[in-house]
Amino acid sequence: MTVAQIATFALSVLISAAFVLGMVIVVGRALRHARNAARARLAAPGRRALLALAAGDDAPDNLDALVQLDPAVWRAVEPTAVALLGKVRGEAHAALVLAFEQRGMGDRALPELRARGAIRRARAAEVLGNLGRADAVPGLVYLLHDTDRDVRTVAARALGRIGDPAATRALLESLAGRHPVPPQTVADAVMRMGADAQPALAAALDHSADLVRATAVEVLGLIGAITVAPRVITALSDDQSPEVRQRAAAALGRLGTRSALAPLLEAVEPGRPPALRATAARALGDLGAVATAPALGALLSDPEHTVAHAAAYSLLRLGNAGRQVLEHAAGPGPAAGPDPTHTAGSAGDRAAGYAREALARFDLDDQRRTGEVGATVAPPPSPVTDGSGPVIGSAPTAVGGR
Amino acid sequence: MAALGWLRDALHLTDVAILTYFLLINTSYLVLIGLAVIEFVHHARRAPLSGFDETYRSPLTQPVSVLVPAYNEEAGIVESVHAMMALRYPVFEVVIIDDGSTDATFDRLAAEFDLVEVPRVIPRDAPTTGEVLSVHVPRLRPEPLVVVRKVNGGKTDALNTGINLARHPLVCMVDADSILDPQALLSVAKPFADDPLRVVAAGGVVRIANGCTVVAGRIVDTRMPRGWLPRVQVIEYLRAFLLGRTGWSRLGGLLIISGAFGIFRRDLLIELGGLDHHTIGEDAELVVRMHRHLRRSRRDYRIVFVAEPVSWSEAPSSMRVLGRQRRRWHRGITEILTKHRTAIGNPRYGRIGLVSLPYYLVFELLAPFVELAAVLLVPLGLLAGSIDYAFAVRFLFVAYGYALLINLIALTVEEYSFHRYSRWSDLAAAVAAAVLENVGYRQLTACWRIHGAWSALVGSRSVWGEMTRTGFKGGSPS
Amino acid sequence: MTAILIADDDPDIRDLVSFKLEQAGFEVTAVDNGLAALASARESPPDMIVLDVMMPGMSGIDVCRELRGDPPTATLPIILLTARAQEGDVEVGFGVGADDYVVKPFSPRELVSRVEAVIARMRA
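The listed protein sequences correspond, in order, to chains S, V and L. Counted from 1, the first sequence has number 62 at position 62 by the numbering used here; the numbering is strictly sequential. Counted from 1, the second sequence has number 41 at position 41 by the numbering used here; the numbering is strictly sequential. Counted from 1, the third sequence has number 61 at position 61 by the numbering used here; the numbering is strictly sequential.
Hints are all accurate, no fakes.
When the alpha-carbon atoms are kept at most 20 Å apart in a straight line, the in silico DMTMM-like pairs for lysine to aspartate or glutamate are as follows:
hint	chain 1	residue 1	chain 2	residue 2
1	S	87	V	53
2	S	87	S	101
3	S	87	L	9
4	S	87	L	32
5	S	87	L	110
6	S	87	L	10
7	V	339	V	276
8	S	87	S	126
9	V	339	V	364
10	V	339	V	271
11	S	87	L	12
12	S	87	V	54
By construction, these hints were calculated from the structure, which means they are not laboratory data.
With the hints as extra help, turn the sequences into a complete structure.
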């Protein structure tokens, strides 16, 4: 080919490609703007009714207005409605769920659990979870072993939202196997089941898979299953998996039973894995038993940083006895002001370093409690938590919980 | 005469080789863009199902220590810290490491947050050289902020110190001048929650902040910058970082995570011995070392690239600063590839050894050399009669026209997936910048990059350069 | 009429709360970020403020702190609205001087009764 031909060819390819891409961008943008504007316009009347319903208005007209909306208008409003579902609770939530159900969303979603496309299955699971449909539980349990990871995750989440404790065992089982569900999703879902999940969780402590036992013991601690404490203690002492033992230690701290003292004191002894020792030291702080102060004090000079650090902060939570131990270890006087020590140096120096750090933290917390603008004078949060997560406020007005 | 003929043939072969090189590199970009598109579509369809709210509310979400090395950042440090404290994440701490700043960086922080010195025992998990002078926390505010003052030791040393001080199992390294998306931590920490046994590191998309309206540390409006230099860089970032890295991630061969924002497991960082003091591209070197270490120990692992914008950086708007940056980057690549040369082409390292590293060697390290060779040898070949005009035209098209096409495709993909540049004037500026990149900019950066590679080979002292900061108050001037 | 300022970056929550409060007989101003909230509160102080904690620009905590530090707005009743309810957050919230703390998901009806309670307390 001649130069001119090549040049023309190349140039024409370039220009036409640029033109095509330009068109794609321009047209795409115009279409998107038009679509958004149309959707906003359509949604306007529906949005008002939706907000009125979500505002907890008891007037039945709102519900009817929403239910009788044109399908096109409803489609435009639906994303907002679904989003609102996660943001409100109480009567507002119930009213929204009713609106969804009366529009048939739940009934349409149920068979979709077996749809061909993974996204469709996942979306259906999400909707059914939001609506709290108890009859979807068997279908969702089946999806826990779906080949698509997102479908499995959404199904687990939906089971948590619905809150039927009968699904607990299936959820825990889904942790192991060829197509596992992320452990955090399972744990969150099981936690939402509350106390009714306890039997299944206790049974899972004997499961063959490490991850199942570890998750079960962790959740038991988080939901405050005090009656199962003996089983957790056994897990701490006898389980083969270090991960399970570590989580058992943390769980015992959360459960707060006195029977956990001796096993935890044993778990902090040298020779155990450092992670376990540090967790056990922290758990002793959670328990807040003054009798453990000497043992924790001995740990201040431990060569393992995480263990000594945990021991120091745990001593802070043992009241005066703990502080006395810290002051003793910190040595005579604050010396020439605070100075960051490194973990090299003699055992006594190291212990002093950790002790000083913890004491300084205590002083700081004290200052903050009394020195802040408008702070209510409230006692510090008690170390034995109820384990269910959200707040037990230390202030007069109750806080809106779950 | 025979010698001249031989020379002419050699020139011809070289020119053909150069043409082939450009053909290959541009086609590789096309492939990466194609993969990125697939990834974006996949991600967009599944995004509504990701359950970020649950991760945010869950008591099991792992806490993160955000490490921010700072050297003479007085202009924007306070706003930066405020913005970081307002990140949407359940439990995290922000650790500012003042690496011996000579300006008012620390003073401004101390004044703003009423810092008080506290004693702190610091483990020596990662090796550091600069001694820690003091550790500070806010006196009255219970917010999780820690400011460390240390003797100057460079960015790597600052980060290693931060790793030592970090209290949480996940560590996120952020540049002090980065503007973070409020959801950034949630986005990059989520892979760890979804696949805790395998995910060891994650990174996200880094975009250019120049020209964008920044209000109190948050991007409020995305615009193309005003200067041409940053404009061209926006295109570059789109192609190489947004699309290129997404494509590599989809391929499973993501070699590096941006140093401006990366999150890692702390225990693994300690296992690796922290960052390397002797490499200038310490963030990239860390990830390459991570790959090798994990593959050698035959561990099943994943390094995830999150296809969402997490961090915005100020791009250099002057030639001097840009030159320094490119020299530093290329010097980093050279040092890394030299240090890890035994892994290149080594099947023991799987896709990283067989695909990613060789690609980086041929199409990243050598690229500026070929670029300049083209500028010199093609006209020379024409003069000498080794190649004819037909070849020259073909060459122009393959080297520059094709590249321009790639840029335009990248712009189109951005438009469809993120559509952040909403104004038509921005789009026009972007197209113009796409053209400009090939007409002068590439050749310029090639010179700087060659200089950087040369510095690495010669082994001159590394310098963590300073960028003149104007700080982010309202629209950032460019 | 009692004037209330609501600041939340989520348009659905903003509209929802505005609607509910207007229905209950209040005069509502709505903004979508912390800086605007601060500016509006200083320019024409409302009778009470409902602040979302997680907002771009200034967080609700920062806005609360700023308002409490300024004499004209130091006694303004403030309710914080947030999705985050770990122990430390409540402490921080009350620590900067908020009068009440509502956790999302919330009941709109309950929010209104809290608003009314806070206002009654202030007026008493």
